[in-house]
Amino acid sequence: MATPTTNVTPAAGAARAAPHSEVAHDAGHGSFPPFKPDSFGSQLLWLAIAFGLLWLFMAKVGAPRVGGILSERRGRISGDLSEAERFRNEASAAEQTYEKALADARRSAAKLADEARQTMAADFAGKKDMEEAKLAQHLAVAEKRIAAVRDKALGEVGAIATDCAEAIVAKLTGAPTRDEIGAAVASSMHLPGTRR
Amino acid sequence: MADPIHQFQIETIATLGKIGNVEIAFTNSALFMFIAVGLTMAFLVLATGSRALVPSRWQSLAEMTYEFVETTVKGSAGQEGMRFFPLIFSLFMFVLVTNFLGMIPGGFTVTSHIIVTFALAMLVFLAVIIVGVLGHGFHFLKLFVPSGVPGYILPLVVLIEVISFLSRPISLSVRLFANMLAGHIALKIFAGFVVSLGAAGVWAVLSPLPLALAVGLTALELLVAFLQAYVFTILTCIYLNDALHPGH
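Protein sequences, first through last, are from chains A and B.
When we follow this note's numbering, the leftmost residue of the first sequence carries the number 1, and every step to the right adds one.
When we follow this note's numbering, the leftmost residue of the second sequence carries the number 1, and every step to the right adds one.
Next comes chain B alone, as it looks inside the complex:
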């Protein structure tokens, strides 16, 4: 049976050199990052090429994507959140397109690597801290002190709030990474069963079962690919809302 882990292997396309002790290479992961970025740019530019008042299908799709993220940002972080719209739109499109590219057979799922999702989560985490401190200074710390909590319980609540705040980049990155990783492994295992059963003589009659499962899982994974991009986006918006309005 095919190794279900093989699809996550980083393969070097060209070694470029070293920075300190770290080898820098152009890899399949980097290739798919650039494909995703290129596709996103091409989509947004080409779809809106005519700037039509009555949109074509492609333009409509670009507008729907934009409005979807716009609604999410405004709903979670308010009108002020629109300042960060380019960042949030970039995050959504990057995660969405890399997730979908991973669904193409033979493709590589950039978001199935914890380092990538963690880097994106840290970007959000740092953005929240910078925006919060720049916007509210010391008052940003009010985020950890919910109003209306009795004094004797306050230290505990603050401790919990701090821990939950610090664990955000971990939960944000692990959620996306684990979903993509687990989904792709499951898909690969069920697809592998089809081949193994097909080659196992009499047992071949059972091979449609895992095939049906693989088909169902593919649909589910497409949903998850979208859903995780959305979850990542909406959580980013909620965290940004904390930075913009830290008073709870």
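Chain A with its partners taken away, still in its complex shape:
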């Protein structure tokens, strides 16, 4: 190493510092810089100042600042998560309520339908019975009337036939008795009556 490198003193302090400089210079060539004790004082002083400054900064500004941001974020995230959890619980509760209401509505609708069906069936059966009874009554009346008409008609048939036969016999034979004619009519009427 040709160039002097140790303790380059500024011009202002050159005169005063020159002897020290020379000594340091010689020592600099002879020994290893990290083991030269003449620089230890300065290094320790500046280290104390610089590191003390950094420590103070970290304690007052650096660590609280970054730590604050981080804890804020962690708090925000956990807060958001718990809020989301709460919303989910609410939603599932609402869903349960809805399902329950739906089931209730279904059940009551089924009940209503059932009741309506039963009422209708009972109503229908009652009406049917009534109509049938009415019909049967009408039928009975009609049958009775038919029977009456028939009996009347049958009753008149004898008289008509008697008159008719009387007229025919009178025309053919003179004047038969009324009793003879009546007996003849009765016997002839008996025949078709049994045949029927």
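Calculated from the structure, these hints are not laboratory results.
Do not rely on the hints blindly, as some may be mistaken.
Dumping the calculated DSS-like pairs for lysine-lysine here, alpha-carbon to alpha-carbon at most 27 Å [what the hints assert, rightly or not]: (1) A/Lys36 <-> B/Lys18; (2) B/Lys74 <-> A/Lys60; (3) A/Lys111 <-> A/Lys127; (4) A/Lys111 <-> A/Lys100; (5) B/Lys74 <-> B/Lys18; (6) A/Lys127 <-> A/Lys144; (7) A/Lys36 <-> B/Lys188; (8) A/Lys134 <-> A/Lys111; (9) A/Lys128 <-> A/Lys152.
Ranges of calculated distance between the beta carbons of each label pair, as one might list FRET restraints [as the list claims (entries may be wrong)]: (10) A/Ser31 <-> B/Ile19: 18 to 26 Å; (11) B/Leu154 <-> A/Leu53: 43 to 51 Å; (12) A/Val61 <-> B/Val54: 34 to 42 Å; (13) A/Ser31 <-> B/Leu206: 46 to 54 Å; (14) B/Gly106 <-> A/Val61: 25 to 33 Å; (15) A/Val61 <-> B/Lys74: 32 to 40 Å; (16) B/Pro146 <-> A/Arg88: 51 to 59 Å; (17) B/Ile19 <-> A/Val61: 29 to 37 Å; (18) A/Leu53 <-> B/Leu206: 43 to 51 Å; (19) A/Val61 <-> B/Gly192: 26 to 34 Å; (20) B/Val133 <-> A/Ser82: 49 to 57 Å; (21) A/Pro64 <-> B/Val157: 37 to 45 Å; (22) A/Ser82 <-> B/Gly216: 48 to 56 Å; (23) B/Leu154 <-> A/Pro64: 41 to 49 Å.
In this text, a Cβ means the ideal position worked out from N, Cα and C, and glycines have one as well.
Once you have looked at the hints, place chain B on chain A.
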């Protein structure tokens, strides 16, 4: 070839005076300490400027750094260790940034000086003793008496424990110092080979070899720069854990 030791030279920027017999000067080392501290502060303040809920890249980086150290502290020293988080975070950032600044060509590696790493290690050592004595008083000495050791062997074990405790600041400081020093020397030597071989006529064809090595070493040194900061931090946490829970 360039002197591989030259990069560790302390150069005075301004002489300020004397305290007793000790000359006090603002040096390149002090300059890089303040650059590291300034960069760390600027990084943490500017990156978190928006305090965004969804972080930007820079904010994400600041948060990752914070959480990395937080995990280390909580993992090694428990929740109580978080009381010392500002100190541990400062140590991590200071060592990390000074290590990385040393990787910049022309830069100065503050942590390549044993006095700096030893001072930081002593800070940790004293913090452990103060925290331990304040927190547990006489019981802090239980740290040296592991439970479940037979009586006849106990003196020996206690002696070993005391020696290992006292050697902590030395191992802590020498580990960091030696790693940075050795790495930078190796890097410088291999980089010097490239130049020497390049100027050596026919031998210039071999110069890519040390160049490739220097490139690889640079990557390795970046890893070491981070790793040593992490090792320093995690050991600090483990030592603090001893002070917080001395019962083994």
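Evaluated hints:
1. A/Lys36 <-> B/Lys18: Given that 27 Å is the threshold and the Cα spacing comes to 17 Å, the pair holds.
2. B/Lys74 <-> A/Lys60: Judged against 27 Å, a Cα distance of about 20 Å means the pair holds.
3. A/Lys111 <-> A/Lys127: holds (24 Å)
4. A/Lys111 <-> A/Lys100: holds (16 Å)
5. B/Lys74 <-> B/Lys18: Cα-Cα ~43 Å, so violated.
6. A/Lys127 <-> A/Lys144: holds (25 Å)
7. A/Lys36 <-> B/Lys188: OK: A/Lys36 and B/Lys188 at ~21 Å, within 27 Å.
8. A/Lys134 <-> A/Lys111: violated (34 Å)
9. A/Lys128 <-> A/Lys152: violated (36 Å)
10. A/Ser31 <-> B/Ile19: 18 to 26 Å: Holds, since A/Ser31 and B/Ile19 (Cβ atoms, about 23 Å apart) stay within the stated range.
11. B/Leu154 <-> A/Leu53: 43 to 51 Å: holds (45 Å)
12. A/Val61 <-> B/Val54: 34 to 42 Å: violated (23 Å)
13. A/Ser31 <-> B/Leu206: 46 to 54 Å: Violated, since A/Ser31 and B/Leu206 (Cβ atoms, about 34 Å apart) do not stay within the stated range.
14. B/Gly106 <-> A/Val61: 25 to 33 Å: Holds, at about 31 Å.
15. A/Val61 <-> B/Lys74: 32 to 40 Å: violated (22 Å)
16. B/Pro146 <-> A/Arg88: 51 to 59 Å: Given a distance of about 52 Å, which is inside 51 to 59 Å, the answer is holds.
17. B/Ile19 <-> A/Val61: 29 to 37 Å: Holds - the Cβ-Cβ distance for B/Ile19 and A/Val61, about 30 Å, lies within 29 to 37 Å.
18. A/Leu53 <-> B/Leu206: 43 to 51 Å: holds (48 Å)
19. A/Val61 <-> B/Gly192: 26 to 34 Å: Hint violated: Cβ distance 43 Å, outside 26 to 34 Å.
20. B/Val133 <-> A/Ser82: 49 to 57 Å: violated (44 Å)
21. A/Pro64 <-> B/Val157: 37 to 45 Å: holds (42 Å)
22. A/Ser82 <-> B/Gly216: 48 to 56 Å: holds (51 Å)
23. B/Leu154 <-> A/Pro64: 41 to 49 Å: holds (45 Å)
Violated hints for the displayed structure, listed by number in ascending order: 5, 8, 9, 12, 13, 15, 19, 20.
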